[in-house]
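Student: Sequence:
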Amino acid sequence: MSHPEPRAPGSSDDDAARPVPAPSPRPDAPGSTDPAPDASAPAAQKVPEPIKVLIAAAFVIALGYGIVAPVLPQFASSFGVGVAAASAVISAFALCRLVFAPVSGTVVNRLGERPTYLIGLIVVALSSAATAFAQSYWQLLVFRGLGGIGSTMFTVSAMGLIVRLSPRTMRGRVSGYYATAFLLGGILGPVLGGALAGLGMHAPFLIYAAALFVAVLVVWLRLKDETLGAKKGAATQPVMRVRDALDAGAYRAALASSFSTGWTAMGVRVALVPLLATQIVGEGPAVAGLALALFAVGNACALTVTGRLTDRWGRKPLVLTGLVVCGVATIGVGLSSTVAAFAVLSLLAGVGSGTLNPGQQAAVADVIGPDRAGGKVLSRYQMCADAGQIAGPIIAGALADAAGFGWAFGVSGALMLIAALAWLPVRETLPDAARAETKE
Numbered sequence: 001m002s003h004p005e006p007r008a009p010g011s012s013d014d015d016a017a018r019p020v021p022a023p024s025p026r027p028d029a030p031g032s033t034d035p036a037p038d039a040s041a042p043a044a045q046k047v048p049e050p051i052k053v054l055i056a057a058a059f060v061i062a063l064g065y066g067i068v069a070p071v072l073p074q075f076a077s078s079f080g081v082g083v084a085a086a087s088a089v090i091s092a093f094a095l096c097r098l099v100f101a102p103v104s105g106t107v108v109n110r111l112g113e114r115p116t117y118l119i120g121l122i123v124v125a126l127s128s129a130a131t132a133f134a135q136s137y138w139q140l141l142v143f144r145g146l147g148g149i150g151s152t153m154f155t156v157s158a159m160g161l162i163v164r165l166s167p168r169t170m171r172g173r174v175s176g177y178y179a180t181a182f183l184l185g186g187i188l189g190p191v192l193g194g195a196l197a198g199l200g201m202h203a204p205f206l207i208y209a210a211a212l213f214v215a216v217l218v219v220w221l222r223l224k225d226e227t228l229g230a231k232k233g234a235a236t237q238p239v240m241r242v243r244d245a246l247d248a249g250a251y252r253a254a255l256a257s258s259f260s261t262g263w264t265a266m267g268v269r270v271a272l273v274p275l276l277a278t279q280i281v282g283e284g285p286a287v288a289g290l291a292l293a294l295f296a297v298g299n300a301c302a303l304t305v306t307g308r309l310t311d312r313w314g315r316k317p318l319v320l321t322g323l324v325v326c327g328v329a330t331i332g333v334g335l336s337s338t339v340a341a342f343a344v345l346s347l348l349a350g351v352g353s354g355t356l357n358p359g360q361q362a363a364v365a366d367v368i369g370p371d372r373a374g375g376k377v378l379s380r381y382q383m384c385a386d387a388g389q390i391a392g393p394i395i396a397g398a399l400a401d402a403a404g405f406g407w408a409f410g411v412s413g414a415l416m417l418i419a420a421l422a423w424l425p426v427r428e429t430l431p432d433a434a435r436a437e438t439k440e
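With the UniProt record's numbering applied, the sequence shown has no gaps in its numbers, which climb one by one up to 440 at the end.
Treat the hints as calculated values from the structure; they're not laboratory data. Predicted model only: the values in this text are computed from it and were never measured. No residue lacks a Cβ here, since even glycine has one placed at the ideal position from N, Cα and C. Take these hints with a grain of salt, some might be off.
[Stated by the list, open to error] Computed list of lysine to any residue pairs in SDA-like fashion (alpha-carbon distance at most 20 angstroms, straight line):
(1) K46 with A56
(2) K52 with G186
(3) K46 with T304
[Claimed, not checked] Here are the simulated distance ranges between beta carbons:
(4) I418 with C301: 21 to 29 angstroms
(5) V270 with S78: 21 to 29 angstroms
(6) V214 with W407: 44 to 52 angstroms
(7) A210 with I418: 42 to 50 angstroms
(8) A69 with A391: 14 to 22 angstroms
(9) A414 with T338: 20 to 28 angstroms
(10) L335 with K52: 37 to 45 angstroms
(11) G80 with R110: 26 to 34 angstroms
(12) V47 with C301: 26 to 34 angstroms
(13) Q139 with V47: 35 to 43 angstroms
Using the sequences provided together with the hints, build the complete structure.
Tutor: Listed below in structure tokens is the structure:
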């Protein structure tokens, strides 16, 4: 992701962010601060090594989170609390992410991405280790909340690093790789966590903490030279203000689609699909697990393709397609009456989610650009997803109780379609020159 540039006073084009003028004109795009390609370089660009480190770290983080996820509700229940209190432990993590997001953006702008990323990982590692030794429910709640603070720190700073280090012509591909790493870690984590169940409820948290400390060491060693390289870090860059980012229609649309994705794909999917499988489709956890797995498969398959297409065709076409596919499929899920329809529509919803994600993130990166610190801009974007993830299950759950699952999934799918409408008037953020460059 990248850092939004301020608009020229009096400009009438609110849909395309104007890049910060470079010291000297570039042959590929006048005024662009992205490095011009070397004419002698091969056409196929390789993912920069620092990005590979971030992708590997993302996999480890998601793997560890997946390891502790199946154990956490049981661990909370072991303190003699009810279902609501046990669920609150999970919500505390997301709530602290949401509340602390604005602060994390400020921290990124002041310290730079790399220090903030490392501090965030260390905070999550320490909170996970402390969770393993929690002696009461309230200790558990506090430790998980602290983990949420660390989580938003490394999430926002990682997005900032991706913005700054990714070449313009492969931002979509890098966003796809990064999202795929998180997805695969999230799929394999619960499997590994189940295999570790025999070690007790404390072991997964300690294993997660150890894995995070390994990630800290790798990032510390492998990203150090990059931070000291030619490009300035966020701590020495001019700061991109949120009000300047909001001048760009692509950023405003990305906030809308981020909220709807958090609501539907991250919140309602996890909270209501298992209940729908049991109460509407007439089957138990096996079908719910199948639906969630198919969503993940569709998501992963789409991510492997659409990241590259986003850099070739532009951000907007893929975002629009993904929002419409995911929205329509989500509405259909709520109306499912057979296992086959339920499964196929879950797969399509995953494909839609994977289709829109790289383009959405790359568009925000285009708005920010590589030469401004966009910590606050990125944190607001992340906040929208977190807010949707928190509000979605609560409101959709209330709708399901009052009017049925059809209404709950119908409203959730409609939010995706409304977000698509927000993208319609947006001007493409990937310049024609960059698209031609990618096709070579």
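Student: All hints, please: hold or fail.
Tutor: Outcome of the hint check:
1. K46 with A56: holds, 16 angstroms
2. K52 with G186: Within the cut-off at roughly 18 angstroms; holds.
3. K46 with T304: Since the Cα atoms of K46 and T304 sit roughly 15 angstroms apart, the hinted pair holds (cutoff 20 angstroms).
4. I418 with C301: 21 to 29 angstroms: Cβ of I418 to Cβ of C301: about 26 angstroms, so the range 21 to 29 angstroms holds.
5. V270 with S78: 21 to 29 angstroms: holds, 22 angstroms
6. V214 with W407: 44 to 52 angstroms: holds, 46 angstroms
7. A210 with I418: 42 to 50 angstroms: holds, 44 angstroms
8. A69 with A391: 14 to 22 angstroms: Check passed, 21 angstroms falls within 14 to 22 angstroms.
9. A414 with T338: 20 to 28 angstroms: holds, 23 angstroms
10. L335 with K52: 37 to 45 angstroms: With Cβ atoms ~43 angstroms apart, the hint holds.
11. G80 with R110: 26 to 34 angstroms: violated, 43 angstroms
12. V47 with C301: 26 to 34 angstroms: Given range 26 to 34 angstroms: violated, Cβ gap about 20 angstroms.
13. Q139 with V47: 35 to 43 angstroms: holds, 41 angstroms
Hint check: violations occur at hints 11, 12; the rest are consistent with the structure.
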